[in-house]
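Chains as they are written, first to last, in this note's numbering: chain A, 1 to 531; chain B, 1 to 296.
Quick caveat, the hints were computed from the structure, so don't treat them as lab data.
Keep in mind that the hints are not guaranteed to be accurate.
Simulated coverage check for chain A against chain B, where a stretch passes if three residues somewhere in it have a Cβ under 8 Å from a Cβ of chain B [what the hints assert, rightly or not]:
(1) 10 to 21
(2) 269 to 275
(3) 469 to 481
(4) 517 to 528
The beta-carbon is built from N, C-alpha and C at its ideal position, and this holds for glycine as well.
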Amino acid sequence: MTGLGTLVRLALRRSRWFYLAWVLALTVVVPLTAAAYEQIVDPRNADLLIATMENNPTMRAMLGPPVDLTTAGGFTVWRVGTFVAAMAGIMAVLGVVRSTRAEEEDGRTELLRSGATGRHAPLAAGVLVALLACAALGLAVAVSMTLVGEPVVGSVAFGAGLALVGATFVGVGAVAAQLTASARTATALGLWTLAAAYTLRAVADGSTDEGVRELAWASPVQWMALTRPYADERWWVLLLPLLAALVLVALAVVLERRRDHGAGLWAARRGRAEAAGSLASPGALAVRLQRGQVIGWTVGLLLFALAMGSLSTTFGDLLEQVPQLGVMFERMGAGAEQLVDAFFVAMLSIVAVLVAVVAVQLFSRLAAEEERGHAELVLSTGATRGRLLTAYLVVAALVPVLLLVAVGAVMALNQARTSGSWGVVGEVAGAGAALAPGGLVVLGIAVLAHGWAPRLAWVTWVVVGWSLVMVWVGAALDLPEWLTELTPWAPLPQLPVEDMDWPVVLGMTGLAAALVALGAVGYRRRDITGT
Amino acid sequence: MSAIELREVTKRFGSTTALDGLTMEVATGEVHGFLGPNGSGKSTTIRVLLGLLRADSGTARLLGGDPWQDAPTLHRRLAYVPGDVALWPNLTGGEVIDLLGRLRGGLDPARRSALLERFDLDPTKKGTTYSKGNRQKVALVAALASDVELLLLDEPTSGLDPLMEAQFRAVVEDERGRGRTVLLSSHILSEVEHLCDRVSIIRSGQIVESGTLAELRHLTRTLVVAELAVPVPEGLATAPGVHDAELDGHRLTCQVDDTELGAVMSRLSALGIRSITSTPPTLEELFLRHYDESGR
Chain A
1 MTGLGTLVRL ALRRSRWFYL AWVLALTVVV PLTAAAYEQI VDPRNADLLI ATMENNPTMR
61 AMLGPPVDLT TAGGFTVWRV GTFVAAMAGI MAVLGVVRST RAEEEDGRTE LLRSGATGRH
121 APLAAGVLVA LLACAALGLA VAVSMTLVGE PVVGSVAFGA GLALVGATFV GVGAVAAQLT
181 ASARTATALG LWTLAAAYTL RAVADGSTDE GVRELAWASP VQWMALTRPY ADERWWVLLL
241 PLLAALVLVA LAVVLERRRD HGAGLWAARR GRAEAAGSLA SPGALAVRLQ RGQVIGWTVG
301 LLLFALAMGS LSTTFGDLLE QVPQLGVMFE RMGAGAEQLV DAFFVAMLSI VAVLVAVVAV
361 QLFSRLAAEE ERGHAELVLS TGATRGRLLT AYLVVAALVP VLLLVAVGAV MALNQARTSG
421 SWGVVGEVAG AGAALAPGGL VVLGIAVLAH GWAPRLAWVT WVVVGWSLVM VWVGAALDLP
481 EWLTELTPWA PLPQLPVEDM DWPVVLGMTG LAAALVALGA VGYRRRDITG T
Chain B
1 MSAIELREVT KRFGSTTALD GLTMEVATGE VHGFLGPNGS GKSTTIRVLL GLLRADSGTA
61 RLLGGDPWQD APTLHRRLAY VPGDVALWPN LTGGEVIDLL GRLRGGLDPA RRSALLERFD
121 LDPTKKGTTY SKGNRQKVAL VAALASDVEL LLLDEPTSGL DPLMEAQFRA VVEDERGRGR
181 TVLLSSHILS EVEHLCDRVS IIRSGQIVES GTLAELRHLT RTLVVAELAV PVPEGLATAP
241 GVHDAELDGH RLTCQVDDTE LGAVMSRLSA LGIRSITSTP PTLEELFLRH YDESGR
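So that you can see chain B by itself, here it is in the shape it has in the complex (with noise of 0.2 Å):
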């Protein structure tokens, strides 16, 4: 059975259609990413899983229940850090940390304290005192403190750095190997890429690519630039799998479809290479490459 499944979900707010019917599925057990621009309706799809918002049309399933009608006691079996986590002014993180847990019915002291010493997070700060990471991290150690089947993280790394989202990432290694089912939304593609087994892309409320990474690889380019020991030559420019390239003298500047991109790399070592830097694909460049090819 799956842990979500969202068929033809529709929701308006007056004019603006924010889910435009959107289907998805999350099998129970696998971290799956959602990946979409600014805007492109991932709160409202979590807000819909959550029975706070009722979808105008479609079925939601969540945990084997309705998310509307069935809200708290699927709420018993979830936990949900949202993208900008708002703390009461006047409670301390941990007052938070704790009243979240027990409204979910109970946390694991143990677990509270191992994870507020691994987010390195002061407990006795009020709410008003806290940067926007360490509110997110608040709204983490909550979730993660509580034992439930089912995370939903709306782009939870996006106040955290580099070190915390390391420890980020551990965590949801750990949440996946006790079979924890997880839905992490995100814009940020490599953070997607080193946890999930499989991705939803959604855009303007509809979900335009789904599956897994490797699967989605069609999809992406490498951004390579390279300096040669002699003047690039004509033909590298419509060479297969080459876009966009530019050349100036012994410099050449390309995008490479990564299915190309070993055919691409052995011509240009032929001729000699004293510079080269790939870059991998930024979501914005996914997210043209995909509405290129379908036309849009």
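This is chain A alone, in the form it adopts within the complex (with noise of 0.2 Å):
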């Protein structure tokens, strides 16, 4: 451990903006969803607005089972608490391995490691800068909701329970960092753990099964919100989170004792001496460097939409236990058919965002490709600039709009198969293309940052995180409607509760296009850059 305070000061000053955008803007969402509960549940009708949402399998699957709606801190704790726990959770993979394999495949560690410094200490300075990471989050959350008026006992359980999910999966990062050589694949390996754990809590707590309910104990996302903040705590709960992270870390040390620097526990295979035929050109380069990360996608995603789909035939169970819940629906004007509709809006308006997600992914790797030297190389050749924008673009806007498309074919399965009418598979996969060109736009968005200043490319980050906080928890900021209608899937129809709206839908795929165009000009007039 030698060298520790200085791995740890250098681990903080190449991270600190990293840190501080995710702990700011983790925090903003909680006593801001806190201060709007009054307007959100009205005293008056609290009671019936409470039992539909407990019973209630879309907000169950998505926000997980509430515990008290009756006061603003149990409320946000139920609304945003496993939201915000979850992306700790990507804070903190994205924290570990930047600062602990990124460092060691760029060639950094190596330098370090041969100056005074022992073995385990630029691994033990990226955990604790992270973990540090995740003691700012639960502070500042409990002292933020302590200052908006709730209980200071609660608002502490909050806290220590979104630090300390926060720290379990600084623990699985640490793990993945030492399994594998790339950053890259490490980086994924946590992410899918955390969907995983995600899909787990989502699939138990939608469930209308009290033993599948009891599997929530299983997913570490859901640990804080098992503490119960704000209704009679159960502090035990946090030894769960207490104890992975610190069983999680040890491995992470033991696992590297185990292995060479610079190398992972999976060695490197040897490969073929004479590249396939097919890889002759910039697209089937860029086919073949996305290849992993487009299947990893696609399994995840269609994983997914099996688990919601298998949901959505709960519905009319539930009508049938709650019956009180049925009359309500049907005086709204709403049986268990819209229920399912609507169930089916909610989950596509997020993976809508999150085939965004990958859009972005993938053709950020063209970006990367140049900061790395490899585009240098590439166009040091007979390929133009053209052709090689091309290859990645086409990949980033076919793959997610594909996938939207597969998702929502595959979330209405189950429903088909128990309805025998298989109409809805298409209904729903088309519900799924017409959300598409909001993804496309934020690919224009990349591909004119791309163009004409690749420095700005977080800006397309931007928008895809503000969009998904929106999705996912936005109507619960009580923000201006302005606000949180200023994404680009906002404008767009959502199938099959709304209509079709053919002039929005061309509209946005045009304004995707133009942008693509305005990027493209600017790519072909820039200087490429380089190492």
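Please assemble the complex out of the two chains, which come individually in their own frames, going by the hints.
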């Protein structure tokens, strides 16, 4: 552990803006929701609203089961708590990998290790700084909730829960960073674990079966909510993430001892001596470089769609079990069918933003290719800039749109099977397609940035991040409508609940095409910077 | 017609001027050395020639075309080896060689395997597992296996061991024999001396000297350290062509102009030499000398 202090300062220096942005963005959501509680929940019909939310499988699957919605604190924990916990997990995985494996892969850690630095010091520094960020998030949440007038004890449980869920994923990231030599793969492994945990709790919480519901205990993202902040706190639950984090970090250290510097536990294999005949164009190269990522996203999203689809048929059972609810929905003019449609809409609007993340990630590979000097190598041959751009653009546009349509179709399969009417598959797939132009607009912004000012690529991530927050928890924040509607998806029709709106769909697609064209002009004119 | 022609080319990055009115010419069929210290603008010049960077002013011609406008067509007739070769981590060396060759319009399989043998390169390893020298070899094999007119080599031997450096020299000799034009950037004078017909020296984005090495001889001095049979006479320190002399009893350390080397040596041998070493000038010394003369 020699040199730990210096390495911690270095990791802090290199990642301060990264963590600061994450912690601030996540903290703000929490007290805003609590402050909006009075506007969202009218005390006069609070009971009815609460009953609706408690029994609505869509809400349960998205947000988890509510514990106590009669206080602003309890409402906030339910409405945004699990979301913030999952986001803290993403921050932790990205943060740990970027200050450990990514540094090692780029050869900077070697320089540090050649100095008076312990074998585990770089890992320990990355883990410590990430834990520090999780603690800062927990503290900020606890303080801000206390400041908006919520009980101190509940706020402490809330903050501690978030911090410890984050810490668990610090451990996950640290372990993932030992397994593979590539930072990209390590990040993917960590985020996959997080996605699996989130899907597990969505299935468990959305189920009407008591036995299945117990499975939520196996999902780390749910541990904060299971502590029941503001509702007779169960402090012992915090031992779960504490223990998990300790075990995972210890495992990471043990694994690091068993591997060589620069290598992963999974050894690099040899490959073919000659390229396949098809590897002869920028397009083939783009596909080759991204196929692993595309397969990963496809499998993940389709599993998610299957899991969510399995929930959609439980709505009928629910209305039978709770007849008062059925009566209430009928009075509002909705039966089980409308509930299912609303469920599909809610899920698709989240997946639509997720596939935009896929689009931006796939396209950002072109920027990475330039930074690492690969683009320079390719452009020194007969390949034109236009073909290079098109190669990444086609992958980044086609894959997300197909994924969105496929998720819609797969999600509706279960419904079609039980009802015997297969039309719903095409209908929900079409609903996905109608949301696709939103993602294309985001991709257009990414192309525009890459063409004219590659340094502004972060703007694209801001658009995606903002949209994700708005679609997931935006309704609870009591922001002005023009602000919550400020996403590329807001103008698009939400089939099958709303009617198809061709002018808007085509208009947004046209806007995306215009952005891409404008970006392409810039890309042809600017310098290729390289290493 | 010249293979490369740059006239008054200027390139700025923000407030730094990378190329400051650079003018140089490389004749078709010659091996041209491009010498300069780190950060003097060698790589920037090559990137302008590749159409990766757009010159702010001046004109550049490459193989008779405009490197910015006609980049893809011209690139089929040239091959480039960057100074710091970055390989894709999940592609093997063999795949990269084939990919780059095909993007250039095809490569000669026989030549490819001959070069792999010559450079002792294992093409089945993944990009991340190659050392710096082996990454460079991958790019060299890809460049040399293509049938092109012009080779742009940016410090191609900086990671190679002496054995491979010798192989590289032999290969460049072959290329010269086939009538190809080579632009070889380097900061190692001996490499350039061995290979190049003509040399251009760049400093702070300008060509400060250009010509054959013989023409540039006036720039070079040799470091001489001699142990004499008698105490070194004072007069030697001020002899014509002798610089920076240090006298220490029987021992003399000094710099000698190459043009005066013969005269100085006969004076020394007349005094009786017990031991002598002479070191050819390093590039740094050559530069220092040059800057002294130009009064900068």
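Going through the hints against the structure:
| no. | hint | result |
| --- | --- | --- |
| 1 | 10 to 21 | violated (count 0) |
| 2 | 269 to 275 | holds (count 7) |
| 3 | 469 to 481 | violated (count 0) |
| 4 | 517 to 528 | holds (count 4) |
When the structure is compared with the earlier hints, violations turn up for hints 1 and 3 and for no others.
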